[in-house]
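Residue numbers (our numbering), protein chains in the order written: chain A, 1 to 251; chain B, 1 to 121.
By construction, these hints were calculated from the structure, which means they are not laboratory data.
Please note that the accuracy of each hint is not assured.
Stated by the list, open to error - Cβ-to-Cβ under 7 Å is the rule here; a few derived chain A residues that face chain B: (1) Arg34; (2) Phe35; (3) Asn37; (4) Gly58; (5) Asp83; (6) Val84; (7) Val122; (8) Gln147; (9) Arg148; (10) Arg149; (11) Arg250.
These numbers come from a predicted model, not from an experiment.
Glycine included, C-beta positions come from ideal geometry on N, C-alpha and C.
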Amino acid sequence: MAVDEVLTESLARPGGRPFFRLYAWEPACLSLGRFQNPIAGLYDGILEQVPSVRRPTGGGAIWHADELTYSLGFPSGFFGNSDVKSTYEKICGFLVETWKELGWVALFAKDSGITGQAFGSVTPACFAGKEAYDILVEGKKLGGNAQRRDRHIIFQHGSIPLSLDWPSMVALFLPAALPNVQQITSLLDLGYVGSRADLQSALSNNLSRILGIDLEPDTLTPHEVSVAKEREQLKFSDRDWTLRGAGHLRS
Amino acid sequence: MKMFTKSGEWLEKFGSHYRVGLSRENVDALGEITFIELPKIGALAGGESPSAVLEAVKAATDFYSPIIGRIISVNTLLSQTPGLMNSSPEDEAWILEIASEDEFLGTLLDEKAWRTWMTDL
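Generate coordinates for the entire structure from the input sequences, incorporating the hints supplied.
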């Protein structure tokens, strides 16, 4: 989270460049949405028992275990005068294309013909919700995405589960908050047999093609590393920040 | 009279203070608003620092006051009923009241000009 925050700050400065970052979690970690109240939907005291962090992006909690996570940052004007939903459609196009290349039926939920399910409700567990621009693969929700915006940048986080750690999810989320296991999926469930590197390459290529951009490998500057370490210590590792954020949370 | 900035915030002057909020078009672009983080009364608003954060179903977005001044009131109704932002963004869902001697320095549009400008975009 600290690295993502530092990258968005670099992007917001004059001459800042868009970025695409892929990463994984070690150890597994529970992330809370920016304004999520941890007393809703999670077992009491669970944040004392597992690694946890608060994201800058909105939405519900995600248990990051065996997954590939991405973060993307663009200048706010990159997509023109685009609203949240249309930028989702543009940005998430690289995911849809990647899943289609693997031979799967991949659609935004809004295009899936699903009826009788309300889009747009907020759920304590990100994977339990279904939004118009969530991606359904073979009819089931694969991962989740959320944005953070200010007047300078559009930042998006996304989670791609390689497999679902269902026992941990059952231990974390109250029964009423658990995703319906019949309605979510992972790459393992879908039969993906490629490597993590293959997946990263396919995602990068499709992002480049869909948005018409060139991606260049890059590393953090020494200054960015230093600021990220400091931010990790002072903010993202701070239990008070994780539990209470800036002090105003959804009820 | 309510006036709009070209980035979609509105402000209305009441004596020595301003009431500010977000245009219907900007709220519609965010989608369903689910939470609003309001600032403390007495804080400074305006400039490069966001004064509030709006969380929609798929995005959290900063709100920047169009006028610089001291916050004298926040719309606490929005804390209990964030959906008011969607149903009444330019009336009941005002966000802040700001005491300010300043005038907005950029271009301001009246409601008709704002709607026309948005339509022409």
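Practice task
Closer than 7 Å between Cβ atoms is the bar; does valine 122 of chain A clear it against chain B? Give me holds or violated.
Solution key: With a minimum Cβ separation of about 5 Å from chain B (threshold 7 Å), the hint on valine 122 of chain A holds.
Problem - Interface hint compliance - phenylalanine 35 of chain A to chain B, C-beta minimum distance less than 7 Å - result: Holds. Min distance 5 Å.
Problem - Interface hint compliance - asparagine 37 of chain A to chain B, C-beta minimum distance less than 7 Å - result: 10 Å, violated
Problem - glycine 58 of chain A as an interface hint toward chain B, with CB separation required under 7 Å - result: This hint holds: glycine 58 of chain A lies near chain B, its Cβ roughly 4 Å from the closest one there, short of 7 Å.
Problem - Hint check, aspartate 83 of chain A versus chain B [nearest Cβ-Cβ separation less than 7 Å] - result: Since chain B brings a Cβ to about 3 Å from aspartate 83 of chain A, closer than 7 Å, the hint holds.
Handout entry: Given hint arginine 149 of chain A near chain B, where the shortest CB pair must fall under 7 Å
Key = Where the cut-off is 7 Å and the nearest Cβ of chain B is about 4 Å from arginine 149 of chain A, the hint holds.
Practice task
Grab the minimum C-beta distance from arginine 34 of chain A to chain B and call the hint holds if it beats 7 Å, violated otherwise.
Solution key: 5 Å, holds
Problem - Hint check: 7 Å Cβ-Cβ cutoff, arginine 250 of chain A to chain B - result: Where the cut-off is 7 Å and the nearest Cβ of chain B is about 5 Å from arginine 250 of chain A, the hint holds.
Handout entry: Restraint satisfaction for arginine 148 of chain A [CB to CB of chain B, less than 7 Å]
Key = 5 Å, holds
Handout entry: Proposed interface contact between glutamine 147 of chain A and chain B, which counts if any beta carbon pair is under 7 Å
Key = 4 Å, holds
Handout entry: Proposed interface contact between valine 84 of chain A and chain B, which counts if any beta carbon pair is under 7 Å
Key = 5 Å, holds
Checked against the numbered hints above, the structure breaks only hint 3 and satisfies the rest.
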